[in-house]
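A.B. asks: Each chain, letter by letter, is given below.
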Amino acid sequence: MPTITIDDRKIDAKAGQTIIQAALENGMDVPHFCWHPSLSVAGNCRMCLVDVGMPKMNPDRTPALDDNGNPVIMFMPKLQIACATQVSEGMVVRLGHPKVETAQNAVMEFLLVNHPLDCPICDEAGQCKLQEYGYKHSNGASRFDETKNHKDKRVSLGPNVLFDGERCISCSRCIRYAKEEAEQPVLSFVQRGDHVTIETFPGTQFDSPYSMNVIEICPVGALTSPDFRFKARVWDMSFNETICTGCSRGCNTQAGVRNNEILRLEPNTNMDVNQYWMCDHGRLTQYDFVNQNRVTKPLVRSNGTLAETDWNDAIQKATELLKGVNGSEIAVLGSSRATNEDNYALARLAKEVLKTPNVDFFRFENASFGDAKLRKSDMSPNSIGADAVGVKPSAGGVSAKDLAAKISSGAIKALYVLDDDIAALSPELASALDKLKVLIVHAHNHTATAKKAHVVFASATYAELEGTYTNFQNRVQHVEPFIVTTENERKMGMKMSRLDKFGAHNDRWTQGERRNCRQSWRVITSLAKGLGANADAWRYRASEDVFEELADKISFFSGLDYALLDERKGVVSGEAEKEFAPAFEYESHTLKPN
Amino acid sequence: MANINTNTRAQKMTFWEKIYLPEIAKGLSLTFKQIFEPKITRSYPEERFEPTGSYRGRPVLVLEEEGERCVACGLCSRVCPALAIEVQAGETLTRDKERYPEKFEINMLRCIFCGFCEEVCPEEAIVMSKDYEMVYQNREDAILGKDKLLVPVAQLQDRLEYLRTHQYYEPKAA
Ligand code: SF4
Ligand code: SF4
Ligand code: SF4
Ligand code: SF4
Ligand code: FES
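Those protein sequences? They're chains A and B, same order as listed. Just so you know, the first sequence maps onto residues 1 to 594 in this note's numbering. Just so you know, the second sequence maps onto residues 1001 to 1174 in this note's numbering.
Bound-form chain A, shown alone (with noise of 0.2 Å):
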């Protein structure tokens, strides 16, 4: 372990690291572009130069001592890049050196030659690592003032990445990615001098099922996402924190909100689920279905038609359809895409109160969808969770897979469906549906389920709802919400843009969509107690005291709480006692402050 000095500080860094990682590490900041943690170093942007020196050695190899009794250093005549310098014992960084400071200066006078200034219409404006240093290491001066050289600033990369050849500063680290992560090595330098571009190999594009993470390790605005592009300036949303439901990996994610719509998702570093990256598949669809289609108040069937109703009626209405029918002619559906709490809650309202043996819910396998990298075909957040804690038929019950031919063979005459568009799942299923005496569903949005429904329960996504949910790892993660509900209506500690804090009622720009959803486990626990459940038995008013219960009676989950899920950024089942080290996790650049 060599044992270094960065100003002034004694560091025991790792052999063999480097004199960025270490001051990393550290908590001290080195200034740099193109190193990135998890690709290889390429040492082009000469922003991280820092003053080295090494104690200077006696012929007798012993370090030479000044007349204090303090060992002479020998500083390096030429500053040396960080990333690329490895630490050895007794090395002495500087990091705020007049010298470095110079060089600091110069690298981004040299960088900003050929840059086009256009942050105003930029969108890495506000998290931008150029703008950043431009006010942190350099004077702002340029003693250019010839033309600048122009380059194509609306160039596909592939179908989720634009390129912006002007605002490039060539650090290559999109270049690595493409090959080192996506493995997918199609893009290239072209060109020289400043004159230098980015281009993908003819007949080639970058269209790896991982390209968007380029757009947020580019650290300036030369990759955009034409998703995004333009929706929003960065200072004008809130970031919380969340995680993917897109598959079983549960990419730790941060969402984009203002006036509560979901414009962006982008990865959220976790090193032990998702590292730095997530995939363009969760990216892109994780949010519509929280914006759009809705669902934002209970519905209940009267005359045929699905009428807006107020919940006291709507659970009303549910308890009188399933007094109306025998336990074991109700199938109750759990899902896989709603949280242990959800699923947990509906167990015990199918086994205590209604009676039933059939309880079961439908998994979203697509082998198709696995990779070795992040994504797993596990289509759905919380299989494993949903097992867990219980939501399997007991014996002679009645399981998902035969639950068509159930239907149509009149043995079940009542279906309850938590969340899921089972409709969706197969055209039998669908037509079986229609032959139900009562269908009861919670739903985020308009799906053929729903339409089909006698009771519909408007039902919180992941996005306004606090739960858990077990990833494939048997990790539990936790969830809060970061989109206002009536019901939520900004939950203590909901980060909030300046928009969401200084709003009136009447501004226009306050009227996002506010619905009327529940989660389900709060729905769940007024229908239990309608249909004359012993009230002490369901006593939840936080989704943490339903936790707290599961925690408790089922093993998978016990030691674990929500603060101990915060602490750890989720927990595996089992290790809620083991010894636990936050680890060192890299940030590039972010909306500061956030």
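Derived by calculation from the structure, the hints in this document are not laboratory data. Some hints could be false.
Said to hold, decoys possible - Sample of chain A residues lacking proximity to chain B, with all beta carbon distances greater than 12 Å (derived):
1) 69
2) 232
3) 327
Claimed, not checked - In silico negatives: residues of chain A with every beta carbon more than 10 Å from chain B:
4) 107
5) 120
6) 154
7) 310
8) 369
What the hints assert, rightly or not - Short, incomplete list of chain A residues facing chain B, as computed with Cβ under 8 Å:
9) 110
10) 153
11) 233
12) 235
13) 236
14) 502
15) 506
16) 508
Since this is a predicted model, take the numbers as computed values, not measurements. Glycine included, every Cβ here is placed at the ideal spot set by N, Cα and C.
Got chain A; can you put chain B with the ligands on it based on the hints?
C.D. replies: Positioned in the frame of chain A, the structure of chain B with the ligands alone reads:
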């Protein structure tokens, strides 16, 4: 604390002040003097006040021949202390600027005429006009969209000239 009833202002008045009449005459003499001074009031609206370029009236968007100057950067909206401005950018492929304001609204009930929007605009696309006649029948009418905000550049020459001659800041010398 006891009431203070010694050495009050009334007790300190002189005899002439106490009888009050001379003071009234003094006051009225000032009034009568004003009657013969030149008038500075105006019979608005028959006689209108025509401000100079330095006047900060209703903020408007500059309209050029090929369209608005605004690139929907949202900086005016960010800097506006009253949160009066809402901008939604759109993408255009037909003009050489990639962005244009799909929606641009100023809520005149919020605006405090500070001129920050004009100062921050990188395109000189929003300027303070000479318009000071703002009467709205209801709140909705006070939210002005692009149709009401866009003003041809020819009508804004005074202000643009003023801005050019009165730089808010000196650019840092290289
Ligand atoms: S596009 Fe971005 S990531 Fe790629 S080389 Fe240019 S600046 Fe770097
Ligand atoms: S890998 Fe799965 S969890 Fe991660 S972003 Fe893609 S769909 Fe979402
Ligand atoms: S003048 Fe001031 S208050 Fe009015 S819109 Fe501009 S920045 Fe906002
Ligand atoms: S600052 Fe200027 S260019 Fe930017 S949105 Fe406002 S008016 Fe348009
Ligand atoms: S970060 Fe070291 S040269 Fe770019």
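A.B. asks: Please go over all the hints and tell whether each is borne out by the structure.
C.D. replies: Hint check:
| no. | hint | result |
| --- | --- | --- |
| 1 | 69 | 47 Å, holds |
| 2 | 232 | 8 Å, violated |
| 3 | 327 | 54 Å, holds |
| 4 | 107 | 17 Å, holds |
| 5 | 120 | 3 Å, violated |
| 6 | 154 | 7 Å, violated |
| 7 | 310 | 30 Å, holds |
| 8 | 369 | 31 Å, holds |
| 9 | 110 | 15 Å, violated |
| 10 | 153 | 7 Å, holds |
| 11 | 233 | 5 Å, holds |
| 12 | 235 | 6 Å, holds |
| 13 | 236 | 7 Å, holds |
| 14 | 502 | 6 Å, holds |
| 15 | 506 | 7 Å, holds |
| 16 | 508 | 6 Å, holds |
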